Amino acid sequence: MKTRRGERPVYLGDAHTDRLLAAIVVLGQEIGVLQRRVAVLEGRDPGEDSVALSRVVEELTKESR
Amino acid sequence: MNRLADGQLEHAVLAAPNVGEAYRQQEIWDLKTRLAYDVAARIRQRYETEIAPAYAREHGAAPTSRHVIGELMAEDPATQMWSALRRSGQEQMWALVADSTARQLSRLTGVAGSLLGSTGSLTLDASVQVPAYLQTVDIHCMPTGYYRETGPDDLTAGALYDRGVYIYAAGQLGAANDDKGRSVIEHYLDVHHPGLAPAAILDMGCSVGHSTLPYAERYPEAEVHAIDVAAPMLRYAHARAASFGLPVHFAQRDAEATGYAAGSFDLVVSHILLHETSTKAVQNILTESFRLLKPGGLMIHAEYPPFTTMDPFAQFLVEWDTTNNNEPFWSTVRTLDLEAMAARAGFEPGQVSRELIPTGRRLVTGQSSAGRIGLIVARR
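Chains L and S are the protein sequences, given in the same order.
Mapping of the first sequence onto the numbering used here: position 27 corresponds to residue 29, and the numbering continues sequentially without gaps.
Mapping of the second sequence onto the numbering used here: position 149 corresponds to residue 161, and the numbering continues sequentially without gaps.
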């Protein structure tokens, strides 16, 4: 990790990989939003099956288990 | 007052999300919570069962320094991924709140303007210099920084801070984000000074007044003043307080040199202000607090607990914010001898104490411990 004062640190080797990760998180988040909207349309609790981002995080942090 | 679906108390200038924004903000809330507690606990377990034992085999004992732990964990892929996700989650949280705020900014600015003169007061002073410690980085990765203005009468930074902090803390600061002020009152003042009846109270570094308002509620006879260097925070703070019907006098002043007459206040407080400043500023703030107090008056500065109250791995996790969340003074403040500094500020050493009280906000330590906040307390 590079941590220079005031600059964005680099975590995964280079800034491009960090940006790719951020994009994956955004995608997971947007799928979660869609899942919430579908749940509402189906008359269910919108948080009930919003699991996309959780699954992304679990996959990405497998090594911590 | 109504509450949003996630529990935050609504008021006239809250940048309340629409349905899509609320879902996105909830996704980030869930992400941040999972990383801060579930994944952090797994990283601690990995450290305790694999990394620390490996270090101990080589060096004869597990690390006792957060700096050594930091060097070890910097090489750990799981920690790298955790850090990358936390930083990304923080940036995306602000981006989502910024989008929602921008959509409503014109309305919020109009509401704030209409509340001027309704209750309390707002006094801005463009000659107040924003201290270097607030200009060095965009604190908490907030896109506006703590103080920047995007136009006349701008309150964007305040709106971002109010909504963003609620998500950031996953609601741990309470429906009105006022846990710090409430904690000081309920767990210190009401316990140790139950008969306190201050005539004048000053809250330093008040930002949007989250912690100020509990004082206005608890001591309705007092004249409550709150200061900050950031005009957008103060505009928002006044409108928010007015929306709750609480009379607070907000003013753009620097806590290091407020300009108030000596002996103006019975109670001088701040809440998680010190870690946003510098060692020199902390000394100046303590000295200014002493000057502002009437004889017998009370100073209370609330700040997250010192490193001495945590084990080395918790120290490492807490220190994460220093470089990864643009909090340059976050670690150093935890090492200061605040009692000695208060004595240098003029307080009699026997009148100075440090306390640790319960609070709702839990720091990321990889443990399931309750939230605590430290106080430096002194009576003039």
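FYI, nobody ran anything at the bench for these hints, they're computed from the structure.
Nothing here was measured: the structure is a model prediction, and the numbers come from that model.
Hints are not guaranteed to be accurate.
Unchecked claim - A short, non-exhaustive set of chain S residues, derived as facing chain L with CB atoms under 8 angstroms:
(1) E39
(2) V51
(3) G72
(4) P75
(5) S77
(6) L97
(7) S100
(8) Q104
(9) N336
(10) P370
(11) G372
(12) L375
(13) V376
To be verified - Each pair of labels, with its calculated beta carbon distance range:
(14) R39(L) / E198(S): 36 to 44 angstroms
(15) E60(L) / A382(S): 21 to 29 angstroms
(16) G271(S) / G15(L): 27 to 35 angstroms
(17) L21(S) / D47(L): 18 to 26 angstroms
Claimed, not checked - Coverage of chain L stretches by chain S, computed from C-beta distances (three or more under 8 angstroms per stretch; other residues unrestricted):
(18) 17-26
(19) 33-43
(20) 54-64
All C-beta atoms, glycine included, are put in the ideal place defined by N, C-alpha and C.
Now for the hints, and whether the structure bears them out:
no.: 1; hint: E39; in the structure: holds, 4 angstroms
no.: 2; hint: V51; in the structure: holds, 5 angstroms
no.: 3; hint: G72; in the structure: violated, 27 angstroms
no.: 4; hint: P75; in the structure: violated, 17 angstroms
no.: 5; hint: S77; in the structure: violated, 17 angstroms
no.: 6; hint: L97; in the structure: holds, 7 angstroms
no.: 7; hint: S100; in the structure: holds, 4 angstroms
no.: 8; hint: Q104; in the structure: holds, 7 angstroms
no.: 9; hint: N336; in the structure: holds, 6 angstroms
no.: 10; hint: P370; in the structure: violated, 29 angstroms
no.: 11; hint: G372; in the structure: violated, 22 angstroms
no.: 12; hint: L375; in the structure: violated, 19 angstroms
no.: 13; hint: V376; in the structure: violated, 14 angstroms
no.: 14; hint: R39(L) / E198(S): 36 to 44 angstroms; in the structure: holds, 40 angstroms
no.: 15; hint: E60(L) / A382(S): 21 to 29 angstroms; in the structure: holds, 27 angstroms
no.: 16; hint: G271(S) / G15(L): 27 to 35 angstroms; in the structure: violated, 50 angstroms
no.: 17; hint: L21(S) / D47(L): 18 to 26 angstroms; in the structure: holds, 23 angstroms
no.: 18; hint: 17-26; in the structure: holds (count 3)
no.: 19; hint: 33-43; in the structure: holds (count 4)
no.: 20; hint: 54-64; in the structure: holds (count 5)
In this structure, the earlier hints numbered 3, 4, 5, 10, 11, 12, 13 and 16 are contradicted, and the remaining ones agree with it.
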